[in-house]
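Novice: Construct all of the structure, not just a fragment, from the sequences and the given hints.
Here is how the chains run, residue by residue.
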Amino acid sequence: MRIRLLSTMAAVVGLTLGAVAGTASAADPIKVGAIVSATGPASFLGDPEKKVLELYADRINQAGGVAGRPVQLTVYDDGGAADKAASFTKRLIESDKVDVIVGGTTTATTMAAVPLVERGEVPFISLAGAVVIVEPVKKWVFKTPHTDRMAAEKVMDDLKKRGLTKLALVSEDSGFGKSGREQTLAVAKERGIELVADETYGAKDTDVTAQLTKIRNNPAAQAVLVFGLGQGPAVVTKNYRQLGINLPLYQSHGVASKEYIRLAGGAAEGVRLPAAGLVVASQLPDSDPQKKVVVEFTQVYQEAFSVEVSTFAGHAYDGLMIALDAVKRAGGTDKAKLRDAIEQTKGYVGTGGTVTMSAKDHMGLTLDAFHMVEVKQGDWTLAK
Amino acid sequence: MLAELLQYLLSGLTIGAIYALAGLGFSIIYNASHVINFAQGEFIMIGGMASATLTASGVPLPLAILIGCGGAMLVGVAVAKFAVERARKASTVTLIIITIGASIFLRGVAELVWGKDFKRLDAFSGETPIQLFGASLQPQSLWVMGCAGVLIVAIGLFFNKTLTGKAMLATSHNRLAAQLVGIDVKRVVLASFALSAALGAVGGAVVAPITFSYTEMGIMLGLKGFTAAVLGGLGHGPGAVAGGLIVGVAEALGAGYLSSAYKDAVAFVIILAVLLFMPNGLFGKRGTERV
Amino acid sequence: MNMLTSHEPSSDAAPTARRPGPPLLRVEHLSREFGGVLAIGDLSFTVAAGDIHSIIGPNGAGKTTLFNLVTGVYKPSGGRVLFDGADVSGQAPYRLAARGMSRTFQNLQIFFNMTALENVMVGRHLHLDTRLLPALFRFPSLVRRDSEARDRAAQLMTEVGLSRYIGADADSMPYGALKRLEIARALASQPKLLLLDEPAAGLNATESREIDEVIKTVAASGVTVILVEHDMKMVMGISDHITALNHGRKLAEGTPAEVAANPDVIAAYLGAAP
Amino acid sequence: MNRILHGRLTGLAVLGAIIAVLPVFLTNNFHLDVAILAGFNAVVCVGLNLLIGYAGQISLGHAGFFGIGAYASGVLVGVYGWPPVAALLAGAAFVGVLAFVVAKPILRLKGHYLAMATLGIGIIVSIVLRTESGLTGGPDGMMVEPFKIFGVELYGEKAWYWVVGVLLFGVVWLSLNLIDSPMGRALRAVHGSEVAAEVVGVDTARFKVMVFVLSAVFASVAGSLFAHYAGLITPAKADFFKSIELVTMVVFGGMASTFGAVVGAVVLTLLPQALTVFQDYQQIVLGAILMATMVFMPKGLLPTLAGLLPSRRRA
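Residue numbers (the UniProt record's numbering), protein chains in the order written: chain A, 1 to 384; chain B, 1 to 291; chain C, 1 to 274; chain D, 1 to 315.
Do not rely on the hints blindly, as some may be mistaken.
To be verified - Pairwise CB distance ranges, derived in the manner of DEER restraints:
(1) G60(C) / K285(B): 43 to 53 Å
(2) L180(B) / P140(C): 50 to 60 Å
(3) G35(C) / L132(B): 43 to 53 Å
(4) P238(B) / A261(C): 53 to 63 Å
(5) M143(D) / E190(A): 27 to 37 Å
(6) L112(B) / A201(C): 39 to 49 Å
(7) F277(B) / Q377(A): 54 to 64 Å
(8) R80(C) / E85(B): 45 to 55 Å
(9) P115(A) / F278(D): 27 to 37 Å
Hints in this document: simulated from the structure, not taken from any laboratory.
Keep in mind it's a predicted model, so treat the numbers as computed, not measured.
All residues carry an ideal CB built from backbone N, CA and C; glycine is no exception.
Specialist: The structure is reproduced here in structure tokens:
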């Protein structure tokens, strides 16, 4: 009696856990797992990512799948928490038994997943920005967006062009912000830019006037660079204008979404940032190889969701496409072969630029793929 | 130097005014029902989200705020009726969990209705900063402080001048006696939830242009409201208002002069210090145990 | 009346006029105010060892406040309390309990989250091993003494007439039984002085008589009792000595007969000006 | 007496049997992982239940102690190269001293004031962990090295399952022993009526402090081991929400019931994992379940269920 009760209880527990695991279907789908931050402070990155993954998984399946196999997508929302991302990664690997994982919206969630995918030997394509993800190179880890180092370089180049040499930095206390800060310090040293202020703010702060007041009272500062994700940079931008600071304001590629302009409103006018071609699709010269891809993607995305496309949506699109392209080339979903195929990606033209990976470069983008854009009349324009 | 101090003070008073409203909401409900309503922050969220989304779809701002307020009051009454009232005899912790359950539930519903992204609400009267002795002030800050001030005075008048208000006060002093003189105590509890919800919702609407509105905006604001209410002495209305302003200003000064990372800690260090010497808050009644 | 204390070795020659024992409790110029209102003012009296000493007075006379001052629940604003020869003014209740003082409460203070037996066992607290490690690892010595305490608690419950509730949860017991449970719990600590705050309040005539018997048995076993009670029949019947209070001050004291005849006491009870 | 003893042994036997048999049904490492997390939560909840359920003192900051334990292990082992066992003990000792120092003034407070004070302490701890990023890695947390004892590395879900299983069994045993001892009765008396406990000689302040320290140390030890198991710790493990989660587990399972705390921890650890099927409705369902349980079973899950079986006394 007791034994039966126990086994029933255990079975119930097992079933509850296994409910989502699903059973293998006859069609033998390509199992793509995703962890994104669809809620929480990074939701304006993660939410479009989730939408894009679901949209394209559907579209591909309707078109007959990849090499006759349907794509089976499992998406988990980590809410921007690193520990949740780790636990969902474990679940994707151990329980859902996925063939490849796309995601890690933020640097923190990505870095939480890295040891697990390395141990579990599952190819992993991150959607986050920091250079630490792919430097040093990790066997199973790739990423689609440009790095923070590239962003820092792009900004410094622009400063030099304008003859500015003294920069104030405001960075978020998140993984992305911290990595961005380190890269900014390093790049500034290389390029002879002097950092005259180094302030931080919390990802959920709603008021940054205290830090900005200090910068305003610093006579040395000639320009300000903000390194952060989500709504934080919008708060900084608004407070910046409120305090009447008139120095040029730079943001990172962490805000390359219309969402940022919408939140910051008029305060965003004149803000400059490095971004992928996607946000200025129609302004790209026709000669640009990216133009066709980004225009088409923009169209599909806006038709499906009737909201403006963001570069983050593009990162997810690139991640999924690189993975599926590799499945085709690897001739199946054997994880080791799939990993090799991803590493051999060559000349893939995505929303972020032209990707050519190698054993030494698990991102495959160059500085050319980055454009300095400026907010003018509530829209992105290519900066001269 | 003075300009800097002034700048911090203005920031602190702005956010402090919202804490004060939230704290007042905690106090009103506590008085009527001895419940700490951890869903207070969600009333703020409802106000902020409703006014932001409604104005975006073309509803005039005052009407949007009114609708948000009404919605929050309905939700407040529902929480009181279906959760708190049914568990009247439950322990303090159980009641805390119930209101936390309500807050999670409300956030879930809000996410479904309004989505997960941040909503923007335009400032009520432009964004041209007002210069004040070297400090600059968003016009919206004046709205926040003004609205909070008017509401606080109105609540004070309500409790001291109207019959309903006096009935609610009486209930808070002695529930049984109030019942004996014919006050419908259950209605008082419902009214207190409605009133707190309305306060929260207006607070959410006026602060939204500064902080943006999103479904999780109520969590920290609610927590700080609780801090304010305890700091002032639970159930002491003016105490909660003072508590809110103290917490807000302390935070801003902490961010400015100490470290912005520790600004949230400042509020909690203050309250620990106060409770160490005044176990019933700044203005709370010192009760002697009757045995 | 004197028969009640007959257990005391009476060396006195006069059999009818009992000589009081040495003082166990002395209250000297005790006062306590609450927000400017004097609840107890300049009160002095002595309780002799072995006595049943009653405190009477109309509602609001300060009886319960006096109990709370004597047992350390409140701190006095002025004056002293001497117990067993030592100044114990303002000491915490648990320290006074260790010195041999225990009490019951007018508003029941039962541990409703425990069984009746466990309620009484808490009363044994001072005589048990209350350290953390022996408890966590269930040292045999602790288990043995605990089991003795359990037996003793059951015995005490039987003595106060609660044998049928030994296995019951406290929250399932009727009011009258809970009153006795408090007495059993207080007795479990083996006090020298037991303070009973209205033990008969809310009981019917039969139950009152039973409590009456319990108090007499307790006193007979050598425990000094201070009693606050409104049931005058009971008070007059079992007290050796009575102190009458009004408005926090002493109105009269003496034997039951003396106090009953005191015009001030009569006036206070009839509501006339003292 | 026999009945109480009997109930205790039966309960322990059932718990032991479940722990022993469960792995048969846990088919993959993810299932084991969830079981391990449930075990860690249960250890903390059994300790917290001594404080909340038995002694009647609320704490909304216990995740702070869990977090200190976790970070003590992470930092001492990772940054200073201590042996994991030493780090665990140092963390527990530090938490013990910290809890002792804050307990005295804090536990004088009652009800919601106590709730506020403990909440404040928990939040301050999590802010410190988040901010001192030089040591703790900041808001995104830090990696923690695997647990090693006598040169043997504890690795893999299987091994950890048994460690946590034995730990949980041990903690439940200790807790049951404590409850049925003079000190345990003193604790429960503090809950029932402080003044009545005092007048029979219970130094209520001492026992409140002791149980606060004890439950904090339980949390710290669980935190240390969790850090080694998870390999990644973030300040979220110490924050307000984690504290609330822990309290919810205790209250949900049933206050003043050791097995209730275990059941509450297990159910509420599984629930969010099971609810991921509901996707967007996850929060709504979780909130509704919390509210409904507390409204309709204010005593918590296990005592209510036990009450349905008239012949059985609650464990």
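Novice: Against each hint, give a clear statement of whether it holds in the structure.
Specialist: Going down the list of hints, with the structure as the test:
Checking the proposed 43 to 53 Å range against G60(C) and K285(B) shows it is violated: the Cβ atoms sit about 21 Å from each other. In this structure the hint that L180(B) and P140(C) lie 50 to 60 Å apart at CB holds, the actual value being about 57 Å. At about 45 Å, the CB distance of G35(C) to L132(B) agrees with the hint of 43 to 53 Å. Between P238(B) and A261(C) the beta carbon distance is about 56 Å. The supplied range of 53 to 63 Å therefore holds.
Here the CB-CB span from M143(D) to E190(A) is close to 29 Å, well matched to the stated 27 to 37 Å. Under the hint 39 to 49 Å, the C-beta atoms of L112(B) and A201(C), about 58 Å apart, miss the expected range. Judged by the Cβ atoms, the range 54 to 64 Å given for F277(B) and Q377(A) holds: they are separated by roughly 57 Å. For R80(C) paired with E85(B), a C-beta distance near 51 Å keeps the hint of 45 to 55 Å intact.
Between P115(A) and F278(D) the CB atoms are about 30 Å apart, so this pair conforms to the stated range of 27 to 37 Å.
Violation of the numbered hints given earlier is confined to hints 1, 6; the remaining hints are satisfied by the structure.
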